[in-house]
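Chemist: Protein chains in written order, with my numbering: chain Y, 1 to 562; chain V, 1 to 365.
Please keep in mind that the hints were generated in silico from the structure rather than gathered at the bench. Nothing false has been slipped in among the hints.
Label-pair restraints from in silico Cβ distances:
| no. | chain 1 | residue 1 | chain 2 | residue 2 | range |
| --- | --- | --- | --- | --- | --- |
| 1 | Y | Q453 | V | G70 | 37 to 43 Å |
| 2 | V | I112 | Y | A40 | 57 to 63 Å |
| 3 | Y | V483 | V | P44 | 36 to 42 Å |
| 4 | Y | F479 | V | N76 | 25 to 31 Å |
| 5 | V | G143 | Y | F479 | 25 to 31 Å |
What you are looking at is a predicted structure, and each value in this text was computed from that prediction instead of being measured. For glycine and all other residues, C-beta sits at the position ideal for the given N, C-alpha and C.
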Amino acid sequence: MSDASTSMSDASTAGPMLAADGTPLKRSLRKALRREKMRALMLIAPLLFFILLTFIAPIADMLFRSVENQIVSNTLPRTVIALDDWDGQEEPGEKVYQALYFDLFVAAEAKEHTKLGTRLNYEETGISSLFRTTGRRSDDIGEAYQDVFEDVDPRFKEAGFWYDMMTAGGGEPDTALMSERLGTMNRLIADLASGDIGFAPAAEISALLPKTAEAYTDFAIFTALADGDVVAEEDPWEAVYAALGVDLANAETRDAVQVYEGPGADALRAAAAAADQLPAGGFKSAFLDVDEDWASQGVWETIKTYSASYTPGYFLNSVDLELSADGISPRDEDQQIYILLFKRTIFMSLTIMFSCILLGYPIAWLLANLPVRTSNLLLILVLLPFWTSLLVRTSAWKVLLQQQGVINDILVWSGIVDDANRLVMINNQFGTIVAMTHILLPFMILPLYSVMQTIPPSYLRAAKSLGATNWTAFWRVYFPQSVPGIGAGSILVFILSIGYYITPELVGGTTGTFISNRIAYHISSSLNWGLAAALGSILLAAVLILYWAYDKIVGIDNVKLG
Amino acid sequence: MTNASENGFVVFDRVQKSYDGETLVVKDLNLSVGRGEFLTMLGPSGSGKTTCLMMLAGFETATHGDILLGGKPINNIPPHKRGIGMVFQNYALFPHMTIAENLSFPLEVRKIGKSEREEKVTRALGMVQMETFGGRRPAQLSGGQQQRVALARALVFEPELVLMDEPLGALDKQLREHMQFEITNLAHELGITTVYVTHDQTEALTMSDNVAVFDDGRIQQLAAPDKLYEEPENSFVAQFIGENNTMLGTIQSVENGVAVVQLDSGDLIDTKPINVSKPGERTRVSIRPERVEFNKDRLHADAHTLKAEVVEFIYMGDIFRTKLKVAGLDDFIIKTRNAPDQRRLQPGEMIEIGWMPEDCRALDA
Ligand SMILES: Nc1ncnc2c1ncn2[C@@H]1O[C@H](COP(=O)(O)OP(=O)(O)OP(=O)(O)O)[C@@H](O)[C@H]1O
Ligand SMILES: [Mg+2]
Numbered sequence: 001m002s003d004a005s006t007s008m009s010d011a012s013t014a015g016p017m018l019a020a021d022g023t024p025l026k027r028s029l030r031k032a033l034r035r036e037k038m039r040a041l042m043l044i045a046p047l048l049f050f051i052l053l054t055f056i057a058p059i060a061d062m063l064f065r066s067v068e069n070q071i072v073s074n075t076l077p078r079t080v081i082a083l084d085d086w087d088g089q090e091e092p093g094e095k096v097y098q099a100l101y102f103d104l105f106v107a108a109e110a111k112e113h114t115k116l117g118t119r120l121n122y123e124e125t126g127i128s129s130l131f132r133t134t135g136r137r138s139d140d141i142g143e144a145y146q147d148v149f150e151d152v153d154p155r156f157k158e159a160g161f162w163y164d165m166m167t168a169g170g171g172e173p174d175t176a177l178m179s180e181r182l183g184t185m186n187r188l189i190a191d192l193a194s195g196d197i198g199f200a201p202a203a204e205i206s207a208l209l210p211k212t213a214e215a216y217t218d219f220a221i222f223t224a225l226a227d228g229d230v231v232a233e234e235d236p237w238e239a240v241y242a243a244l245g246v247d248l249a250n251a252e253t254r255d256a257v258q259v260y261e262g263p264g265a266d267a268l269r270a271a272a273a274a275a276d277q278l279p280a281g282g283f284k285s286a287f288l289d290v291d292e293d294w295a296s297q298g299v300w301e302t303i304k305t306y307s308a309s310y311t312p313g314y315f316l317n318s319v320d321l322e323l324s325a326d327g328i329s330p331r332d333e334d335q336q337i338y339i340l341l342f343k344r345t346i347f348m349s350l351t352i353m354f355s356c357i358l359l360g361y362p363i364a365w366l367l368a369n370l371p372v373r374t375s376n377l378l379l380i381l382v383l384l385p386f387w388t389s390l391l392v393r394t395s396a397w398k399v400l401l402q403q404q405g406v407i408n409d410i411l412v413w414s415g416i417v418d419d420a421n422r423l424v425m426i427n428n429q430f431g432t433i434v435a436m437t438h439i440l441l442p443f444m445i446l447p448l449y450s451v452m453q454t455i456p457p458s459y460l461r462a463a464k465s466l467g468a469t470n471w472t473a474f475w476r477v478y479f480p481q482s483v484p485g486i487g488a489g490s491i492l493v494f495i496l497s498i499g500y501y502i503t504p505e506l507v508g509g510t511t512g513t514f515i516s517n518r519i520a521y522h523i524s525s526s527l528n529w530g531l532a533a534a535l536g537s538i539l540l541a542a543v544l545i546l547y548w549a550y551d552k553i554v555g556i557d558n559v560k561l562g
Numbered sequence: 001m002t003n004a005s006e007n008g009f010v011v012f013d014r015v016q017k018s019y020d021g022e023t024l025v026v027k028d029l030n031l032s033v034g035r036g037e038f039l040t041m042l043g044p045s046g047s048g049k050t051t052c053l054m055m056l057a058g059f060e061t062a063t064h065g066d067i068l069l070g071g072k073p074i075n076n077i078p079p080h081k082r083g084i085g086m087v088f089q090n091y092a093l094f095p096h097m098t099i100a101e102n103l104s105f106p107l108e109v110r111k112i113g114k115s116e117r118e119e120k121v122t123r124a125l126g127m128v129q130m131e132t133f134g135g136r137r138p139a140q141l142s143g144g145q146q147q148r149v150a151l152a153r154a155l156v157f158e159p160e161l162v163l164m165d166e167p168l169g170a171l172d173k174q175l176r177e178h179m180q181f182e183i184t185n186l187a188h189e190l191g192i193t194t195v196y197v198t199h200d201q202t203e204a205l206t207m208s209d210n211v212a213v214f215d216d217g218r219i220q221q222l223a224a225p226d227k228l229y230e231e232p233e234n235s236f237v238a239q240f241i242g243e244n245n246t247m248l249g250t251i252q253s254v255e256n257g258v259a260v261v262q263l264d265s266g267d268l269i270d271t272k273p274i275n276v277s278k279p280g281e282r283t284r285v286s287i288r289p290e291r292v293e294f295n296k297d298r299l300h301a302d303a304h305t306l307k308a309e310v311v312e313f314i315y316m317g318d319i320f321r322t323k324l325k326v327a328g329l330d331d332f333i334i335k336t337r338n339a340p341d342q343r344r345l346q347p348g349e350m351i352e353i354g355w356m357p358e359d360c361r362a363l364d365a
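Input sequences plus hints: build the corresponding full structure.
Modeler: Pasting the structure below:
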């Protein structure tokens, strides 16, 4: 004992404090605290993991989705690059149509073009069907080339011949091209298998026939990895013939073919000689043949505008604006619904909140001031809705409020309302407000109650003894002290109702639906997840801003939930 | 008591109160408080003091009987029209208002003009030496300061009657004593009638003009502090106020205002009969420790004395407290002043004790 005390006083005079085992006190304290923290962390780890996985991650994903727009550049990578040079003045040149053809062909094989069509259709109606028909007809465009080449040399029909030609009989492989195409293909097809392709384009041939090598590589990757077939045994895509046509249309290539020595060189020379028999108008006229809309400036503007990987487009749509070639402009009148819905959501949430305050305040007051036995009973009645299914409660309101419902029947029976003029109280705003006020009322009452419980009755007595009437005593003394409860209840009710979905869906009709119903529609019906995510993000931001404003004005410390 | 009611400022006339309809919390209360008087209600917990105060303030209604204020019955006047200042046990300062706002509240509800209000608030704060605290909130004050503000608030609208329910209960001893002094001073200076509730008898004795001792819903005795202490009228008051030695016995004879009591141990003592009269009646005699004498010279020659054995001697600074074994009791206390010539008794010592007959009161058993 005395030893310890002397060493303690020694330590305090000379240098840092030491713990009993001689290590500096600070360090051993930190170690002990760290151990404690680790243990605490381990305890909450399952919950933390659960929350990360089911709450934080989806929200992050939603925020990301609201701006993400890689589908255009993933599906039409070459077209997007080709469009860079387009000035937007008139329809684009042959180069763009050519790039579009090869992109669209691969996408059609992978059945990805319809997804892109759906995406772009959000911005410009009609694109979806345009993509679908063009995808269907993309084989025909290539067949025109295929027929020419197969007439020149029947070996062009053979899968093995093509394989040998493109590998140059086992020449030096062009790994750069291979990995570039593999990357592009992986971006296009999310669940592309990996493994041996059994093919590599020869460097020689890719230098000679760049387009053909590219198209054939795409074909090989798709055949091996998506279809699981052997490349050397499958007939190449029509697009490969078209690519050969594009290559041979180039005079320099035709000259180079004359001196080429590799496998199939003779067939290539014959094909080069027949270059003048290839379809004349190029890809542009082929596309226009399929659908006139390919000449439409609007379609190309949409593709160009939404070609960036990230876009503010969804957010603009969420506030009834759109991104067009010349900047941001309002959407068509008939498409402007979101601002209205946001306004309605806020207005109805506020109405619900105030109804909850009006109805909940007296009940909370009774709860806090009645004798314990009675107030317990009342509390059970308040909590009763929590024990009943939400659907049952909402349906009960349908039974009560509908035109042939209980309330109307009573009104008609008592002669207050004429049978022909039964009140419309459901499937509109009124119905939604009534049902949601009922459902959210406990969330107002409980915080109010817990705050009121802490206000001693002596304050009211004191006020009255000082000469205040009942009303003045309530208004000047009791009410200000219950404001934290009102604040807590209001935040709860408002935030819950702003994102409420089931009840407005069931009883809201067309005029009583919330923005959340629209979000649900985009998630499950229209599958426009980007827009749904943007709407959701705006809602989230609105809630956060309100929360922040509340903190500034009232102070979040003043909120008492219990 | 009922007769005195005509000239009292506050009068309880045969007031009864029951909360549950089964038991009477206040039974037949008759009380009269004169104008400017400082009356304390003293009694054990649950004896009905707060209930009486609440009836007076108007927060509870009397089940039976009348309460008069300035000669007029106030049973039907709502609390806010009674004009009675009140200090609550927990102060009940409004937490969301500053001190100045708290004080101006009673003036605002009386529609008093702003400048007059400010003047009165300043004056009231000055009265309790809290001038500089007007801008603070109650939570920023110490207990004693809150107490003063509560007092100032009860006085600021110049009521004629102020009620205080254990206002000093939450304060420490020193502050309590200081505040006792301030409250009585203020009450007398302003000439207000005060009804004060406490269960601290020292507080009651030091502050009041009159003390009403409550027990079991009745006033056991209403008297000035000195009378209450020296001349308790029944054994409850005797035991409740101050320290007392009590012994049970039977009256032997009553002559010339002196009753001879035979204690259960067989010893005879002289007593003053208070609420006993007939020989043979059981009685509880009560003698204050400081009135017991063991110095024979100071006793009457013919006084009855008792043999006692010293059990314990306790030195308490200003006084000596000695525990004796007397007449079968072994916790008989005597107190002697610490004077230079005072003897310090030794444990085991045998002495004889006695007292003036008028100091030993024979009360109900
Ligand atoms: N609101 C009430 N309802 C029912 N009974 C009550 C109520 N208030 C007080 N009582 C009962 O009345 C009796 C007297 O209570 P009161 O508060 O007057 O006592 P008190 O003398 O002020 O006690 P204390 O010194 O502890 O404050 C007690 O038995 C109490 O239980
Ligand atoms: Mg009390």
